[in-house]
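Each chain is listed here by its residues.
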Amino acid sequence: MKKRKMYMRMITASLLRRRSRMIVALLAIAIGATILSGLVTIYYDVPRQMGAQFRSYGANMLFTAVNDTFSQEDVDNAVAVIPESQRVGVAPYRYETVRMNDRPVLAAATDMEGAKSASPFWRVNGDWPSADGQLMIGKSVASLYKLNPGDKIEVTYTPVIETENSSSDEEALEENADEEFILDNYIDFEVVGILDTGGNEEEYIYMTLNDMEKLTGKANYYNVCELSVSATADELSVYADKISEGVEGINARLVKRVTQSETTVLSKLQSLVLLVTVVVLALTMICVATTMTAVVAERRKEIGLRKALGASDKSIIGEFMGEGLLLGFAGGFLGAFLGFLFAQGVSVSVFNSSISFRPLLLPVTIIVSVVVTGVACLIPIRSATDVDPALVLKGE
Amino acid sequence: MFLRMILRAFLRQWKKMAMIAFTIALGSSLATAMLCVMMDVGDKVNQELKTYGANIKVVPKDASIINELYDTDGENMSGAYLREDELGKIKTIFWAFNIVDYAPFISTNASLNGGDEVTVTGTWFNHHMELPTGETLDAGVVSMRSWWEIIAGDWIDEQNGDDRDVAMVGKALAEANGIKVGDTIDLKGSSGEKSLLVSAIFDAGGDEDDQVYVYLDTAQVLAALDGKVDSIEVSALTTPDNELAEKAAADPSSLSIAQKETWLCTAYVSAICYQIQEVITDSVASAVRQVADSEGEILNKTQLLMMLITVLSLVGAALGICNLVTASVMERAQEIGLMKAIGAQNPSITGLVLTEILLTAIIGGIAGFFAGIGFAQIIGHSVFASAISVRPMVIPIVAVLVFIVTLIGCIPAIKMLLGLRPTEVLHGR
Amino acid sequence: MSLLELKNVSKIYGNLHALDNVSLTVEKGEWVAIMGPSGSGKSTMMNIIGCMDKASEGEVLLDGVDISKESSKSLTNIRRDKIGLIFQQFHLVSYLTALENVMLAQYYHSIPDEKEALEALEKVGLADRAKHFPSQLSGGEQQRVCVARALINYPEIILADEPTGNLDEANEEIVVELFRKLHEDGTTLIVVTHDPEVAEVAQRTLVLRNGKLDHETVNKNFTGHIKYNL
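Protein chains in written order, with my numbering: chain H, 1 to 396; chain V, 1 to 429; chain P, 1 to 230.
Bound-form chain H, shown alone:
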């Protein structure tokens, strides 16, 4: 029989036949490894997941026109610069001054789905316009006109004479309306929702792009485009520069208030999770180490016996470490998966999204577990081998 075979036989015998103790040790290591792999996974995932949460602050990038307006094609070209996975919402807006009950109101037309995802904080009492002929009005407009969801309202638009200064102040509008040969366009809308944002948005009315086209007779142009992009401030400014340079007619800029604040808060959150991870890990690892030390310290007598039988310190350390390292490996392996399950659970319950397994974390967890276990075992083994076997065998 080979020496190595006996070595393996001893280690497996120790692991399998001293089951209760080994389970205690394995459990300790697995807990440590679970916490390690779970927290590290969360730590790496927090910026991404939390970043997505911060998108609830709405648009962080704005496209403005270089010459008054830009087209859908310009938007498409510009948006193409941003990787699809990072795009949260794209809402191009077109603004016109229209009239309701002969009073001027600012009207915005947009892609409702885009607006919904770009401005998740908008609260709509009622529904978003989903078909032509439906209108969403700001809260201020609603109180001014005493409108409720379900009410009907006629919106009229007076085509502007080309030669006229495009900025239509009050007098100009009235003048235009008086001239009989210009026919007003009008649409009968049904109010489907009232928008509550606490901001300027409450003073607008919102219609679909189609209705706006019908009302004005002009298609395919926008004044502004709001974008919500899930990216860091640095990435965003790179995109913005690329778009401003590469896409003609569009000037991209960041919404400083959102990007700047997000960077501040997110970095705090990440350092919070980092510190918590470090503290928890340090404490847990020491905890694992003390447990392993206790488990090995129990075997002082056995170590003494082996020494009396003529085992060198080296071979004793080899055997006990072999056992410890095997445990460390098994515990680390187990913990890596349990930790992933934990992180997955956290991700699903907190952020409603799953996370991908980080293959690198498996070897890292195992290595850390093995090292911690090894160090933890080495201390009591060393102290046991340093003592004369006669003393150890005598008892206390």
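Honestly, I wouldn't trust all of these hints.
Short derived list, chain H residues pointing at chain V, Cβ under 7 angstroms [said to hold, decoys possible]: (1) Arg123; (2) Lys256; (3) Cys287; (4) Thr291.
The hints are simulated quantities; they were obtained by calculation from the structure and are not laboratory data. The beta-carbon is built from N, C-alpha and C at its ideal position, and this holds for glycine as well.
Fit chains V and P to the supplied structure of chain H, relying on the hints for placement.
Chains V and P in isolation, oriented as in the chain H frame:
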């Protein structure tokens, strides 16, 4: 005799006992630190989220719409204003403690250096207030516009600057007119004229880049609106909205008395708005959804995240303690066998082991509690640059946790010890 | 040359002279018993002979080599190669079978050989219990496993410390019978005991008192076959 045995056990096995105490201390410090951080993380993150600016905006009743509709470029046409002398009252409402910052604004138009009309906004920069409660508060746009980038010069400092004839100019406006820090600009409003020293050029990334920011009274002089303000922005620490809050926000009178009491006594943004409206004459306070709602969202997520991490560490600490207690009690098989051999009854053995371990646990737990507070403070100071407040709740939770966990840790070991036959133990294995 | 020779050996712990100027010789193939009351220095002597402790003064010659000056590392090697130990407390590894416990000694000595280990167990009459764990064996059986473990590497000396201290009469007889057999095979035996019955069966008995060699008796009734290797 019992006490003597316990004393002996401590003295003779102090190394082992120290290790148990150490591990329990580790576990309890972990639990303490995580609980402290978890319970305080809401307030801390809330504080951080204040960088997004105000979550409540107060405007004169029925006046809000006119400005935008008539595209009047900052000139208040409605004739409705809030009163400057009432500003202090905001810090007297029930939720005054939650109001961390606020600033009044008044906008007017003035011609710049005899040329184009520009919007001039008067506000507080870092206005110092002595509150009736004895507290002091520095409020204003320095903290409420934290995202502004000062390209040149410095923020206007209300507390150290004697010269009130100063202005901050937006980046776009400065570029268009070649204004630099140190220049003097002349502003001619509808009823007054001022020469101001430019103290800073700022980049706000928004409409403010085309405006001039000045002291409140400067703008009031330009527009002859003494003692009046257009709007007030308020930054308040709030509790994320729930159904009750939404119902209340829609119509406070729809609540039952009990509901209304809960609503008013919780820092919902709508409750704070309601109270502000009551102290500021003819005002409408509304939540800035972009800030208020997002705050709620992020707060909830962060708290949930920290809670789950806390649970994981608590479970880890608990299992760790359990494990070590089991391991170290099992180690004493021989001693227990001897005690049995000389006639010790099972209950007395159990009592001895439990007392020993629990005494150790108390020592370790107390040491760990204080260490844990230390860890929490390290986290607090290095992440949020402020101390983490320790809720009294943490003490009973940690105490009960350590107690139960230690007891549970003893169960398998004691079960094993009681099953021992003394002969087996004493005569080798 | 004698197999083992102690020359004026002393072991001093502080003021206590556990062994005080003791000299003795043991020839190859001899069966010697060491007796004495508790605290007489038996265990100290046994530890020094068993290379588990070092003498404070004097020389210990094992096979002509002075082991009192060796490092603890080479002491371990000498112990492994030349000495088989039997303890009062048996000291078997609880999670290894009887066979594996015997093989453990082979493992540290040279190469484990299952067949040879089984033969050793057969010699002590435990071939059928080879796969049992120590906890499944009686005290006598456990001590017999220890004997098998001690002799497996053909040591120069088998050193037994109170081998019968934890055994009943019947098992004591079995173990003594085993010693007799070992002696017949030519093994050198040193048995530390305070049981006169166990001491009686040896060739000669050394009695220690207060760390000094008190007296020596040669057993007239010695029945074992004596081989003198001159």
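Hint-by-hint comparison with the structure:
no.: 1; hint: Arg123; in the structure: 6 angstroms, holds
no.: 2; hint: Lys256; in the structure: 3 angstroms, holds
no.: 3; hint: Cys287; in the structure: 4 angstroms, holds
no.: 4; hint: Thr291; in the structure: 5 angstroms, holds
When each numbered hint is compared with the structure, no violation occurs for any of them.
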